[in-house]
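Student: Residues per chain, in single letters:
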Amino acid sequence: MLEAKSAPPGAPPLIAIAGNPNTGKTTLFNRLTGLDRKVGNYPGVTVDRAIGKTTLPGRGAVRVMDVPGTYSLSARSEEEQIAIQAIAGLPPNEPPDVVVMVVDATQLTRNLYLVLQVIETDVPVVVALNMVDMLEATGQAIDREALERAVRVPVVCVSGKKGTGIDELRAAIDRVLSEPALGRPGPRWIPETDMLAEDIDVVREAAPAEWRTGSERRRDALAVWALLSLTETDELRGIPGSVRAAVAARRAKAATAGRWIDAEVIEGRYGWIDRHAGDFLQVKELDTPGFTQKLDSVVLNPALGFVIFLTVMGVVFQSLFSWADPAISAVELAFAWLARISTEVLPAGIARDFVVEGLIAGVGSVLVFLPQILLLFLFIGLMEDTGYMARVAFLMDRIMRMLGLNGRAFVPMMSGFACAVPAILATRTMERRRDRFLTMMVIPLMTCSARLPIYSLLIAALIPPLDLFGFMPVQGLLMAAMYLFSTIVALLAAAVLSRTLFRAPHVPLILELPPYRFPHLPSVLRMMWLKSRVFLTEAGGVILVCTIALWLLLSFPKTPDLDVDYAGLRAEAQAAGLAESPLQARLSAIDSEESGARLRASYGGRLGRVIEPVIAPLGFDWKIGVGLIGAFAAREVFVSTMGIVYGVGDEVDEESVTLRERIKNESYADGRRVYTPLVGLSLMVFFALACQCMSTLAAVKRETNSWRWPSFLFVYMTVLAWGASFAVYQGGRLLGFE
Amino acid sequence: MLRGAINRNKNEIQSHLDMVSLRDIPPGTCARLLEVGGEADFRRRLMELGFLPGTLVRLVRRVNVGDLVELEVRGCHVSLRRAEAEQLFVERQGA
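From first to last, the protein sequence lines are chains A and B. Using numbering that gives the first Met the number 0, the final residue of the first sequence is 737, and nothing's skipped along the way. Using numbering that gives the first Met the number 0, the final residue of the second sequence is 94, and nothing's skipped along the way.
Extracted from the complex, chain A is given alone in its bound form (with noise of 0.2 angstroms):
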């Protein structure tokens, strides 16, 4: 058990941010804090934690921090256990000063059940009532004061999207800083049976220490939020089995009674609302749909509404395939250009190279991938904003399903053909922590861009441009095809994990469709910021030491013994009179050629050999090895390093002709050819099916916290490349291919 962290001595007080979803709850925050933020994990998970600072007039700075949205303190998964530890300050939570409760007006009383049950902690509250200029547009009415009588807890009427009411917010909160029992009124509602109350009794004498600190109506609280949560498949943790055995009791004694406790609550708390509701929420009947509702028909429409899906998820593929390129290219020049201007200006050595190649290339490898983050992130963003996103989870649902997917999985999934790095960090729209692994395991998968440099180098050196039927090209073709089989694979693998390792108990869906809102687009660009920059300091970090440990594996050791004297070499052509350009022609042809026998003479040319006879019977020699291994730094860095392998220069790109002549020509020792067909497809076969990227793995570390899933996700799509390889090289050789 971790120790409880109690408020650093003269930290300033903390103020916890809660509510429903899509309450306006990340804007209010925003509002409060502006840009000076911590963003981390909650203790145990990966889901987000941020704390920010705000100053209360008169009293100076105080903490917020942002609690994830939720329907009930209920729980029943370790994300869901958040809200009441990080509310009540259970363990390794601090406790909060003040909880303030964001609340959407036009949806008051569903609402006001997690209102309720915040109040009943006996944790100070001040309720937010957010959106209040939308309740006319729903035909309701809010009488604030007679609310406030009501709930006992100061209640105050804000907009975060038009930032009114915030310095209310602010009093409010120091108001009730300075008095904490103006936001602790009692339980609003409270058992209405002996049995219940007997029930909440029992319970709360089983609860562990940490239980038992505050007030009794604190201990209340948590007692009934045991009853309600605890059940026998429930994934909680750090519950005692003294709890857990209470729990179970009561439960089994309440059933024998023909009572279910979860109801006795829900109801109770429900029946106080409904009572109370006619005291401070007028509702009239509208005639005509609402805005939503309008929209709705057409979005949620079976025909018109995939129509716009398409055209949704088309723009938002196309920004990542595309339109982040000229983006991308900037980022690669400019640490091209640092690399070119540091080699000039250092001198020569080990310490050099290690910068050039270690640290600025390492760098560069990170930040080339913040223009697709921002974009996808800004898609996110908008599309959780507008409320798009429950619709593409609506119409997702069922296809998603079929393959053990939740239907929110299907932006990642996609995003996941431009580059799976931000699609992997994608995955935490999801709840469920098992949906978001899942997902995470399946998109390395999808044919990222970074695969299409090798497929094509690979298909213009070895396929031959013929047509088939006289107007299908089949270069194309096979391009298609390499697509069709990543998607078909992932789908696959999906379906086959979700069965197996991932296989969980069935979980009914309950989607909200929030009402449209217009986005607010500074809590979405503070967002796409925040994104990049966990990526930037988290991820960013494990790639860089594989960028420099990959540096090291191709380039020692730095003075290996050569067959061939390439200075003597140099000599002679500078001596044998020669014009200047022919001169310089042959110099360069020495130095690429020297290169390459560096490289296979350097460690990790070594490793192509010790690996030849492991990818031998793919079809594979050491020189490929070689590529793969310097592939793992990104996957198109394969045609750069084969380039170096064969001597004719790293400027070489997927368009080279000279690297494409020299792929054709490879051939062994005994004049087979090296490449044929065949190896090209099981080669492509390969790069589709295996995790040869280190920064695929190190964003995978990054979302789940642990180095079990990163290397779980290399070995199988490592085995899986390796059998589909062999079954493709192999089985074509049976059927009388080269």
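Hints are supplied without guarantee of correctness; some may be wrong.
As the list claims (entries may be wrong) - Quick list of the computed label-pair ranges, beta carbon to beta carbon: (1) A/A333 with B/R57: 52 to 62 angstroms; (2) A/V306 with B/G27: 22 to 32 angstroms; (3) B/D23 with A/E167: 21 to 31 angstroms; (4) B/L55 with A/V714: 48 to 58 angstroms.
Stated by the list, open to error - Covered stretches of chain A, as calculated for chain B (at least 3 residues, CB under 8 angstroms): (5) 106-117; (6) 263-276; (7) 392-399.
No wet-lab data here; the hints were simulated from the structure. Beta carbons are placed, not taken as given, at the ideal position from N, Cα and C, and that holds for glycine.
Place chain B on chain A using the hints.
Tutor: Just chain B now, kept in the frame of chain A:
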């Protein structure tokens, strides 16, 4: 045991009050919710969203492509899969 009790109860109510499954009411209809069925966890979640016996529910639409239904309760729109929505029973109109 609990399930048995509920089932007995259900039959009793059904014979007395004439309930009808959400499966059988046309889109656009508004009806009083009588019973939420299904697994305990599902029922608890729905009840916490305000789906309580006595609450008015409107069946907003059925979407056959996704096999989903959209319901409105307390001004909130919630969608469920059809198989699960069938376990929600409402008062028969005109009964």
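Student: For every hint, state whether the structure bears it out.
Tutor: A quick look at each hint next to the structure:
no., hint, result
1, A/A333 with B/R57: 52 to 62 angstroms, "holds, 57 angstroms"
2, A/V306 with B/G27: 22 to 32 angstroms, "holds, 24 angstroms"
3, B/D23 with A/E167: 21 to 31 angstroms, "violated, 50 angstroms"
4, B/L55 with A/V714: 48 to 58 angstroms, "holds, 54 angstroms"
5, 106-117, "holds (count 4)"
6, 263-276, "holds (count 3)"
7, 392-399, "holds (count 5)"
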